[in-house]
Amino acid sequence: MPTTSPFPGTCASWAQSVFETTSRAMRWIVVVGLVLGGIGGGTVTSLASDRDRVAWSPDGRWIAYVMANRSAADLFPADWWALDISQRLEPADAARPISWTLWATEWETGRSVALARSAGPLGAPVWRPDGGALAYVQLDPASNNPALPRQRTLWLQTAPNRRVPLDRRPHPPEWDRLGVEPVAAPAFSRNGRKLAYEVYDPQTGPGVVVARLTAERLEPLQTLPGVGRPVWSGRDDSLACFALESHGRLAPVAELVVFDPDFNLTARSSGVLTASTPVWTNNGQLVYAAIVPAPTKLKPMALTILKEGRSEVWFKPPEPRRVGFRDAARSNDQAAEFRPDRDPDPPTLLFDLAPDGEHVFVTVRLRDHPSEVSHSLPRTGEIRNRFPPLDHAGRIAGLSVAPTGDALAVRYGCDALATPPLVLTSNITDKRPLAPDGSAAREWLARFAALARAIQRDDWPALGSSETNHQHENSSSSASSRWSLVPLPDEVPANDPNLLRLRRLAQLGRDLQSQAVARNAGDHTRPALNDPARLRRLEPELDLVLSGLVGEFEQTRAAIQHALSQPRCARDRDRLLLLDLQCRLRDDPETTRAGLRAWLDRPAPPRRMERLLDGPPALFDDTPEMAARSWAERLLGLLEQPRERPAEVEPPPLNHLNEFFELNRGPLEFDQGIWMRPRADFLVRLAWNRPKAPDLLPLPPPLPPW
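549 is the number that full-length UniProt numbering gives to position 549 of the sequence shown; each next residue is one higher, with no gaps.
Treat the hints with caution; some may be incorrect.
[As the list claims (entries may be wrong)] Pairwise CB distance ranges (calculated):
id : residue 1 : residue 2 : range
1  : VAL313    : GLU216    : 35 to 45 Å
2  : ARG602    : ASP368    : 35 to 45 Å
3  : ALA94     : ASP601    : 31 to 41 Å
4  : ARG217    : ASP260    : 20 to 30 Å
5  : ALA533    : ASP511    : 19 to 29 Å
6  : ILE383    : ALA558    : 45 to 55 Å
7  : PRO225    : ALA533    : 49 to 59 Å
8  : LYS431    : ARG571    : 51 to 61 Å
9  : ALA558    : ALA533    : 29 to 39 Å
10 : PRO149    : ASP511    : 10 to 20 Å
11 : ARG268    : ALA119    : 37 to 47 Å
12 : GLU625    : ALA558    : 43 to 53 Å
Don't read these hints as lab results, they were simulated from the structure.
Bear in mind the structure is a predicted one, so any value in this text is a computation, not a measurement.
We put the CB at the ideal spot given by N, CA and C, even for glycine.
Taking the hints into account, I'd like the entire structure generated from these sequences.
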């Protein structure tokens with residue numbers, strides 16, 4: 001049955017080779033909290049994309065992106081659900097890619113097409129302005145023979161099963177040693193007849209080649225030495241590039257240079273943050289993120305415009321706000337006081353503009369700070385909305401607004417990890433994690449587990465405490481000994497915001513779990529991706545975690561019994577039995593008490609021995625076996641001191657509306673469905689009874705299923 005193709009005029013059989021460019025009417029929408037059209041001012045031109053951004057097709061229907069495929073055994077090690085909450089190295093961030101896939105997904109329907117598969121890294125793709133082709137760079141996999149240099153190939157993809165090589169050059173071996181990004185994205189000119197892409201010449205060093213594209217062949221026009229990451233203007237074919245170091249490395253903060261259509265250098269700007277790709281507006285302004293010079297030692301980050309060779313601050317993003325009891329330790333200005341050459345994770349600013357050029361979406365990425373996206377109007381300084389695309393605990397790696405202005409794509413995880421994107425529609429509560437195959441679904445499930453662990457580690461109350469997390473100033477010490485991802489029955493109030501954050505992630509995970517299980521045959525390239533035995537053991541583990549996060553402990557116990565029926569080592573079986581006792585705490589305390597005592601009567605596991613520097617060997621209790629034993633002792637202590645079921649959090653009084661919004665993030669948490677239905681009804685009544693309430697509260701979005 002024919003299906004829609006990312007290339008105009010094609011079908012599922014891919015037999016048709018004639019492509020007709022089709023146009024789609026631009027649809028402008030106005031919704032509460034997200035206005036992306038109707039203002040005018042031209043169209044944003046962003047024809048280049050960095051490694052963590054996605055490439056929207058010109059009609060806004062398709063998303064092209066590169067995804068790294070990683071082994072299921074690396075994403076979900078044997079003890080992934082029982083890892084100590086205090087551990088910081090998540091499997092979702094530590095697992096290394098095995099292969100790469102270039103996908104094109106129709107985001108409204110979820111239909112996907114695999115355009116290219118590679119054992120070597122793939123660069124971010126870029127669409128030709130007419131939507132009839134994609135260009136990207138592929139790097140050959142590393143060879144065991146150092147005498148054989150790797151090759152970098154620039155491809156032009158004109159159909160799902162048809163691509164032609166445009167340029168092929170040796171890959172500099174020193175780039176691998178220096179950590180240089182090997183597959184930067186190319187860039188099309190506004191009419192699609194020119195292509196700019198990075199090259200490396202042993203004689204002259206790195207540079208950008210500008211070539212004319214005719215009949216699927218390149219005719220070089222000019223080589224610009226010492227620059228990279230080109231971005232074309234959609235107005236007069238001006239070209240913006242980052243200045244590279246002599247060996248080709250792109251520093252976190254670099255110089256931005258602009259060339260006119262005749263390739264003459266016309267402007268320079270220093271202190272530019274290279275994590276964000278600059279964006280050209282239709283009136284010839286270049287918007288980029290930069291460190292703004294200040295009279296003090298503090299150097300704030302801001303969006304800057306370059307017009308007629310002059311730079312000026314265009315918009316300074318809002319400072320990070322407090323989330324729950326966690327205060328932002330540093331302001332935006334203070335966070336920008338860093339040494340890029342020494343900081344492994346320097347603060348940075350990611351942004352993209354809506355099609356009208358008037359609305360900007362910005363996220364300020366700071367270490368140990370909650371992540372959120374702010375939707376603002378730089379011309380007036382108004383902040384329309386602030387929201388976490390998925391959760392405050394996640395690390396945003398890139399964001400991109402659709403050309404039609406009705407969707408926002410966000411990538412999570414570490415930089416250049418190439419995780420699948422998340423698409424948010426104009427209704428911010430509509431979150432669509434793209435999962436074209438089983439490997440992508442497992443990537444999302446591993447990301448949800450990492451977010452759930454971060455929530456329990458940083459925002460969860462102390463075990464056995466009667467206070468909620470809103471009354472704690474610091475819970476890191478109490479959460480450090482939490483043993484598994486599954487909360488205790490009735491541990492916190494049923495409408496606790498952090499518990500609902502966990503349930504929201506679990507609900508998304510349940511939607512993707514069936515894809516991860518049903519698409520085992522969709523993995524490719526390396527057998528390590530498709531380990532049938534590991535996937536069989538993974539299914540009940542996912543069931544017990546997801547059902548435990550939503551509070552369905554009977555289903556959790558059923559998943560535990562399913563897992564125990566499989567061949568497992570003695571340590572895994574002991575952990576599953578302990579988790580089964582934990583799920584019985586509320587309904588069968590006597591059986592649980594007897595089971596915990598029997599579990600603790602066994603011989604204690606050996607302690608870990610480590611020889612310290614210039615000292616005698618020392619014993620440590622940080623082994624997984626000791627962590628499980630400590631957890632069992634804490635559970636038994638809870639049974640000796642029974643607790644009443646925690647009461648639900650009461651709504652705030654009417655005369656403290658402003659304080660309520662400030663402490664609980666107001667419309668943000670309300671948009672995210674944090675509050676239960678009675679509280680939501682209370683806010684709706686309050687909004688309609690106050691004359692100025694519509695200015696403070698948007699109309700309520702649909703409540704989540706739970």
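Next on the checklist: Quick check on a hinted range of 43 to 53 Å for GLU625 and ALA558, using CB atoms only.
Outcome noted: 26 Å, violated
Checklist entry - How does the Cβ-Cβ distance of ARG217 and ASP260 compare with 20 to 30 Å: does it lie in that range? => result 26 Å, holds
Checklist entry - Does the Cβ pair VAL313, GLU216 satisfy 35 to 45 Å? => result Since the Cβ atoms of VAL313 and GLU216 sit about 43 Å apart, the hinted range of 35 to 45 Å holds.
Checklist entry - Between LYS431 and ARG571, does the C-beta distance stay in 51 to 61 Å? => result 36 Å, violated
Item to check | Supplied distance hint 45 to 55 Å, evaluated on CB atoms of ILE383 and ALA558 | outcome: Given range 45 to 55 Å: holds, Cβ gap about 47 Å.
Next on the checklist: If I claimed the Cβ atoms of PRO225 and ALA533 lie 49 to 59 Å apart, would that claim hold in this structure?
Outcome noted: Holds: the Cβ-Cβ distance is about 53 Å, inside 49 to 59 Å.
Item to check | ASP511 and PRO149 - C-beta distance against the hinted 10 to 20 Å | outcome: 45 Å, violated
Checklist entry - Between ALA94 and ASP601, does the C-beta distance stay in 31 to 41 Å? => result With Cβ atoms ~36 Å apart, the hint holds.
Checklist entry - Is the distance from the Cβ of ARG602 to the Cβ of ASP368 consistent with 35 to 45 Å? => result 39 Å, holds
Next on the checklist: Just to be sure I understand the hint, the distance between the Cβ atoms of ARG268 and ALA119 should be within 37 to 47 Å; is that true here?
Outcome noted: 40 Å, holds
Checklist entry - Is 19 to 29 Å right for how far apart the beta carbons of ALA533 and ASP511 are? => result Since the Cβ atoms of ALA533 and ASP511 sit about 25 Å apart, the hinted range of 19 to 29 Å holds.
Checklist entry - Given a hinted range of 29 to 39 Å, is it respected by the beta-carbon distance of ALA558 and ALA533? => result With Cβ atoms ~22 Å apart, the hint is violated.
Violated hints, in rising order: 8, 9, 10, 12; the structure is consistent with all others.
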